[in-house]
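Peer 1: Order-wise, the sequence lines are chains A and B.
Its first residue numbered 1, the first sequence is counted upward by one per residue in this note's numbering.
Its first residue numbered 1001, the second sequence is counted upward by one per residue in this note's numbering.
Mixed in with the good hints there might be a few duds.
Examples of chain B residues toward chain A, derived with CB under 7 Å [what the hints assert, rightly or not]:
1. N1085
2. M1093
3. N1099
4. N1102
5. L1130
6. P1140
7. L1194
Far from chain A, by Cβ distances over 10 Å, these chain B residues were calculated [claimed, not checked]:
8. D1018
9. S1025
10. D1076
11. K1135
12. L1188
13. D1216
14. R1250
No lab work stands behind these hints, which were simulated from the structure alone.
Every residue gets a Cβ at the ideal spot worked out from N, C-alpha and C, and that includes glycine.
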Amino acid sequence: MTTALLAAAEAGGRNFWEWVAHVVQDYWPWLLKGVGVTMFLALTGTLVGVALGLGVGVVRTIPSDKHSAGPVRRVVLKAVNILLAIYVEVFRGTPMMVQAMVVYFGLGMAFQIRLDVVTAGLLVVSINTGAYMAEIVRGGIQSIDRGQFEAAKAVGMNHWDTMRGVILPQAIRNILPATGNEFVINIKDTSVLMVIGTSELFFQGKTIDGILYQTFPVYLLVAAIYLVLTFTTTRLLRLLERHLEGPANFTLATSSTTPESILMAGGENYGRRTR
Amino acid sequence: MAGEPAEATPDAIVETRDLRKSFGSNEILKGIDFAVRPGQVVSVIGASGSGKSTFLRCVNLLEWPSSGQVLYHGEDVLARGYDVNRFRARLGMVFQQFNLFNNLNVLDNCVIGQVRAAGRSKPEARRRALEFLAKVGMDPYVDAKPAQLSGGQKQRVAIARALSMGPEALLFDEPTSALDPEMVGEVLAVMGELAASGLTMVIVTHEMAFARDVSDRVAFMDGGVIAEEGPAAQIFAEPAKARTREFLARFHAG
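Start from the sequences, fold in the hints, and give me the full structure.
Peer 2: Here's what the structure looks like:
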């Protein structure tokens, strides 16, 4: 099997590894550009998507019972909630590749809005991620103990202050793994933007293959690069999560603070860096 | 219909009139008339399911009453457009499950409400928070997160959080029921000091000895109504109603 593939690669006068080396040597700026665009789209798209998702999640949890809101406010809230539900369902229920075509070509045809392919790509990734994040945020908010809301109410805090000061900090920490997952998915799924010609990594690989007709070495290299990107990102996110867990210890604010007192108060992770 | 300010109990901080609450077809509160005046310590006792906690949660509108009135200095807080958040900020609440903000350390738990709801500056809020944390003996723990504290410590912080707001009255919803027995004492000691200092308190509790020794008045709830109410000494020594005697018999026997 391997020998057959190597033989196929050798048809062009070079063997398999020589082709890989050739692509790296002569086309690395193309691949690097692809990596740059892919990471830009994945990172920015995820961040914008998270912001969208948080916004949608917070709006969807605004209390709309008849004691908290007047009749006009309730009708407005209801209408907004329906629109947001439609947004979430539509963008979760259709492929991103189709969304890219609709946004890029559709906006041009219908409204004469000509976006460049990277902007269009960013728009699609952001809106798409926002739809998924909206549901993740909603779940994150619902997972917070009801007592946290009640305690905030009992000191007289309004919905927005409660969300910003108490609920979201806890919800965001809970949904961090799911958010990191969205980021890793976006690194891979931005490849569908090649249908509108966004010069992300997969598109760059396709272009190189179009020149060299060396499909196997080119795409194997592209695959390897994707793997390095996702693997590195996953590890970095793991580090970030651990960092956000914060110190396991606290320092007693007394004049006689001793290592023993910290040990008693701290728990099993004594000795870890404290902030 | 009742509710004219002229009829209000003189200088009551909070008063309820014919307060009713149903969950579905299940009526939990069947018309409660209750008032607390400045400096009073009132304990609400009664069997589980008698509606004590629901009543307390209706007073600061964590549960919305189905009918009746809640008056704050004679003003109807259930009226449309009434600033419920401002009202809640004037009444402190201490929960059975503590409900400290898990994302904030001890100090910030006592600061956030003062800054966000009472509009105080951060330095002022910190100063007050430290003052009340010292009062409950939790000032050495300002940097600790709730997860690092024992139940008794959490409840003392929760009391400091409520006091920091500078409330007119403090509502306690079974503040020791979720505590290990050895931690009940430290919380009751703090509450006893507060009562002695003249703080207005409404305490839903199963701690009968505490209710007898600390309260000015005791309300015995049974089946969604206040079956009997009076001075603590009288309720415990010579209750008028058979149902009250029956309930307290277990306490006196133990």
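Peer 1: Hey, does the N1102 (chain B) contact hint survive, CB to chain A under 7 Å?
Peer 2: Constraint on N1102 (chain B) satisfied, holds at 6 Å.
Peer 1: Can we confirm that no CB of chain A comes within 10 Å of the CB of S1025 (chain B)?
Peer 2: The claim stands: S1025 (chain B) keeps its Cβ more than 10 Å from every Cβ of chain A (closest is about 19 Å).
Peer 1: Could you check that no beta carbon of chain A comes within 10 Å of the beta carbon of K1135 (chain B)?
Peer 2: K1135 (chain B) clear of chain A: closest Cβ-Cβ about 16 Å, beyond 10 Å.
Peer 1: For L1188 (chain B), which was marked as not at the interface, is the minimum beta-carbon distance to chain A over 10 Å?
Peer 2: holds, 21 Å
Peer 1: Can we confirm that no CB of chain A comes within 10 Å of the CB of R1250 (chain B)?
Peer 2: holds, 30 Å
Peer 1: When the nearest CB of chain A is found for N1085 (chain B), is that gap smaller than 7 Å?
Peer 2: At about 4 Å, which falls below the 7 Å cut-off, the nearest Cβ of chain A leaves the hint on N1085 (chain B) intact, so it holds.
Peer 1: Any Cβ of chain A at or closer than 10 Å to D1018 (chain B), or is the non-interface label fine?
Peer 2: holds, 18 Å
Peer 1: If I take the minimum Cβ distance from D1076 (chain B) to any residue of chain A, is it greater than 10 Å?
Peer 2: holds, 13 Å
Peer 1: Classify the hint on P1140 (chain B) as holds or violated, based on whether any CB of chain A lies nearer than 7 Å to its CB.
Peer 2: holds, 5 Å
Peer 1: Taking the least C-beta to C-beta distance, is N1099 (chain B) closer than 7 Å to chain A?
Peer 2: holds, 4 Å
Peer 1: Given L1130 (chain B) as an interface hint, is its Cβ closer than 7 Å to any Cβ of chain A?
Peer 2: Constraint on L1130 (chain B) not satisfied, violated at 10 Å.
Peer 1: Beyond 10 Å from every chain A Cβ: check whether that's true for D1216 (chain B).
Peer 2: holds, 24 Å
The structure fails to meet hints 5, 7 from the earlier list, while all remaining hints are met.
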